Amino acid sequence: MANEILEEHINKDYEWGFTTNIDADEAPKGLNEDIIKFISAKKNEPEWMLEFRLKAFRNWQNMVEPEWAHVSYTKPNFQDIIYYSAPKPKKELASLDEVDPELLKTFEKLGISLEEQKRLSGVQSNIAVDVVFDSVSVKTTFKETLAEKGIIFCSFSEAVQDHPELVKKYMGIAVPPTDNFYAALNSAVFTDGSFCYIPKGVRSPMELSTYFRINASGTGQFERTLIIADEDAYVSYLEGCTAPQRDENQLHAAVVEIITHKNAEVKYSTVQNWYPGDKDGKGGIFNFVTKRGICLEDNSKISWTQVETGSAVTWKYPSVILKGNNSVGEFYSVAVTNNYQQADTGTKMIHIGKNTRSTIISKGISAGFSNNSYRGLVQIKKGASNARNFSQCDSLLMGDKCGAHTFPYIEIKDKSAVVEHEATTSKIGEDQLFYCKQRGIDNEKAIGLIVNGYCKEVLNKLPMEFAVEAQKLLAISLEGSVG
Amino acid sequence: MISIKNLHASIGDKEILRGINLEVKAGEVHAIMGPNGSGKSTLSSVLAGREDYDVTEGEVTFNGKNLLDLSTEDRAREGLFLAFQYPIEIPGVSNINFLRTALNEIRAYHGQEEMAAKDFLALVKEKSKLVELDAKLASRSVNEGFSGGEKKRNEIFQMAMLNPKLAILDETDSGLDIDALRIVATGVNKLKSKDNATIVITHYQRLLDYIVPDFVHILYKGRIVKSGGKELALEMEAKGYDEIKREFESSEL
Numbered sequence: 081m082a083n084e085i086l087e088e089h090i091n092k093d094y095e096w097g098f099t100t101n102i103d104a105d106e107a108p109k110g111l112n113e114d115i116i117k118f119i120s121a122k123k124n125e126p127e128w129m130l131e132f133r134l135k136a137f138r139n140w141q142n143m144v145e146p147e148w149a150h151v152s153y154t155k156p157n158f159q160d161i162i163y164y165s166a167p168k169p170k171k172e173l174a175s176l177d178e179v180d181p182e183l184l185k186t187f188e189k190l191g192i193s194l195e196e197q198k199r200l201s202g203v204q205s206n207i208a209v210d211v212v213f214d215s216v217s218v219k220t221t222f223k224e225t226l227a228e229k230g231i232i233f234c235s236f237s238e239a240v241q242d243h244p245e246l247v248k249k250y251m252g253i254a255v256p257p258t259d260n261f262y263a264a265l266n267s268a269v270f271t272d273g274s275f276c277y278i279p280k281g282v283r284s285p286m287e288l289s290t291y292f293r294i295n296a297s298g299t300g301q302f303e304r305t306l307i308i309a310d311e312d313a314y315v316s317y318l319e320g321c322t323a324p325q326r327d328e329n330q331l332h333a334a335v336v337e338i339i340t341h342k343n344a345e346v347k348y349s350t351v352q353n354w355y356p357g358d359k360d361g362k363g364g365i366f367n368f369v370t371k372r373g374i375c376l377e378d379n380s381k382i383s384w385t386q387v388e389t390g391s392a393v394t395w396k397y398p399s400v401i402l403k404g405n406n407s408v409g410e411f412y413s414v415a416v417t418n419n420y421q422q423a424d425t426g427t428k429m430i431h432i433g434k435n436t437r438s439t440i441i442s443k444g445i446s447a448g449f450s451n452n453s454y455r456g457l458v459q460i461k462k463g464a465s466n467a468r469n470f471s472q473c474d475s476l477l478m479g480d481k482c483g484a485h486t487f488p489y490i491e492i493k494d495k496s497a498v499v500e501h502e503a504t505t506s507k508i509g510e511d512q513l514f515y516c517k518q519r520g521i522d523n524e525k526a527i528g529l530i531v532n533g534y535c536k537e538v539l540n541k542l543p544m545e546f547a548v549e550a551q552k553l554l555a556i557s558l559e560g561s562v563g
Numbered sequence: 003m004i005s006i007k008n009l010h011a012s013i014g015d016k017e018i019l020r021g022i023n024l025e026v027k028a029g030e031v032h033a034i035m036g037p038n039g040s041g042k043s044t045l046s047s048v049l050a051g052r053e054d055y056d057v058t059e060g061e062v063t064f065n066g067k068n069l070l071d072l073s074t075e076d077r078a079r080e081g082l083f084l085a086f087q088y089p090i091e092i093p094g095v096s097n098i099n100f101l102r103t104a105l106n107e108i109r110a111y112h113g114q115e116e117m118a119a120k121d122f123l124a125l126v127k128e129k130s131k132l133v134e135l136d137a138k139l140a141s142r143s144v145n146e147g148f149s150g151g152e153k154k155r156n157e158i159f160q161m162a163m164l165n166p167k168l169a170i171l172d173e174t175d176s177g178l179d180i181d182a183l184r185i186v187a188t189g190v191n192k193l194k195s196k197d198n199a200t201i202v203i204t205h206y207q208r209l210l211d212y213i214v215p216d217f218v219h220i221l222y223k224g225r226i227v228k229s230g231g232k233e234l235a236l237e238m239e240a241k242g243y244d245e246i247k248r249e250f251e252s253s254e255l
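Each protein sequence line maps, in turn, to chains W and A. Quick note: the first sequence, position 317, residue 397 per our numbering, numbers continuous. Quick note: the second sequence, position 166, residue 168 per our numbering, numbers continuous.
Any given hint could be a false lead.
The calculated lysine-lysine pairs, modelled on DSSO-like cross-linking and capped at a C-alpha distance of 30 angstroms, are [claimed, not checked]:
hint : chain 1 : residue 1 : chain 2 : residue 2
1    : A       : Lys138    : W       : Lys541
2    : A       : Lys138    : A       : Lys194
3    : W       : Lys481    : W       : Lys155
4    : A       : Lys16     : A       : Lys247
5    : W       : Lys434    : W       : Lys493
6    : A       : Lys120    : W       : Lys552
7    : A       : Lys120    : W       : Lys541
8    : A       : Lys138    : W       : Lys536
9    : A       : Lys196    : W       : Lys525
10   : W       : Lys481    : A       : Lys194
11   : A       : Lys127    : A       : Lys7
12   : W       : Lys461    : W       : Lys541
13   : W       : Lys280    : W       : Lys248
14   : A       : Lys232    : A       : Lys196
15   : A       : Lys120    : W       : Lys536
16   : W       : Lys536    : A       : Lys67
17   : A       : Lys138    : W       : Lys552
18   : W       : Lys525    : A       : Lys232
19   : A       : Lys67     : W       : Lys525
One side of the interface only, derived from the structure: several residues of chain A facing chain W at Cβ under 7 angstroms [stated by the list, open to error]:
hint : residue
20   : Thr103
21   : Ala182
22   : Leu183
Just so you have them, the derived chain W footprint on chain A, three or more residues with Cβ under 8 angstroms [what the hints assert, rightly or not]:
hint : segment
23   : 23–29
24   : 63–70
25   : 107–114
These are computed hints drawn from the structure, not numbers from a lab. Quantities reported herein were computed from a predicted structural model and do not represent experimental measurements. Virtual Cβ for every residue (Gly too), placed ideally from N, Cα, C.
Make the full structure from the sequences, and use the hints.
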């Protein structure tokens, strides 16, 4: 019985595994200063931007790929990757009609209909979407509506052209180009991404969203997102991602930076569904991402919510530097691993300001032969008086071939700190499933109920539209994992 | 309602049920008594479709269908309800959400539409009164942090909500004080009708003071060794199971 169900699940296809036949404008394989100059020239970048890249690249050359994570994989050959791939024709798109119809079809398959987005403009629960396809941003919706409020929401490349002063001022504050191996690599070769600036006193009237899609073979995706909330500003930001099914491992090394000024708040939600590889662990995305926010000034708040179901290997620690007094950092995470997926994910909360507070809720779910690790650092610096942290790390095991691990680090340099850590490990019980079935609920629905119940505290934090998608995704990712 | 013929079941190499015969008709209440280890809970688990047990012989007909061919959830949808001896906790899933899912799954099976939210809530209100279940418990996570008595009452509340044809109460009296016992029994009695049937599995006679059975069966070593009316329960209570043990120990069952 157990095997049958497992079989059925395993044969379940990754629904987003199709590829799109689009002519691409690509850089030659490999990485050197010429490639970086090529990317920079393609994007018509100012001199300072190229300097930023080259500096990062020179640093990166002296750095070693981190090995401390609880994952094992064959390290990517960085000379075997295409660092720039853009759908052709690459020209300024004035309207949706000019977007390659193949591309539009892809997005429809993915469930983002740009046309519909456009038609629905003005309706309340709208989301503005920036779509990044391989290396370039292809379309940002609702730009005009947002501009009326003074909100800048555009691709990173456009921001470099149109708002160089903002990019120059904020880029690298939260994630310095020398921060770590992958962040340095990204800083050298990033091709596009999203940029968002919410001016003083403005609450974004809609959720902003970036949709990332890797399509071309042999490419890496290195996008960069920069979100700035000025004084008293607020924005809720969503990120989604998928990739085609390929036998090779593709590298995704992104950087996301969030900066909040006085009284500002940014909520960042991710549903990460990169291709996880097949049932034998072949293929899949290496998701090595650096996400960090800094509460630069007093009373500001940064909140990360993530639902991670995809990628072959995940290395990701969305963090908050609590510099301003009374600032608040939050991390809510559900990480699911199945088959041979490996995830080493968690957060860092760095308390510098006084009366700073942080909350960490992490829910790991492991099934199949997978390994799922929580790694988190709570650091209270000297002078961060009355800092508080609450951490809860729960692990749920399905079956007996998978692993769940917790690596909490706590460093306290101020005596007034209050730090709490709770952790539990449980198994989805045959008993729970039998109980549900005895009430008429089938296996699939029962797992959905139990898992969603387990993740409730995190799913509750997601915006409505995303929560529904996340619930469906959880059910699909785990279907049949318990027999 | 249900007809059990020569039912044999084992767990691993160990045979636990060794030829059960039982016929329950609509409108009847049957009590199954017996000492610990006689196979009482195994019988309820096998009927409900727990996968740990292998049925090696025999047949069970439920509403004219071969029960043993049905999946666990289809047995439930056909109207078989098991009130668990140890109800399971499901953290984060509200009782209401759980029951609504269950009810609608059962309705879908019978080709009925989902119940409207308003009607569902009215039903919750009506049925929770029946078992004197605090309205707060209905919105809490399934059995999480419930006391022993609350868990048992919640089982009967679920039974009231799902309105089964055949309810099997597995040691529902265990761990209940006398007040809780009375409430649970009253609930069961109110749910009784000429169209449904109840099998009460118990170790002690005292529950049968409240839920009066039409038939009493004594289970020993995986077989029904004695059947009778409600007076058989009193006899057992007075004499204890030792006599049964002596009588049937030697007869190599």
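request  = Against the earlier hints, flag every one the structure doesn't satisfy and list their numbers going up.
outcome  = Hint check: 9, 10, 11, 16, 18, 21, 22, 23, 24 fail, others pass.
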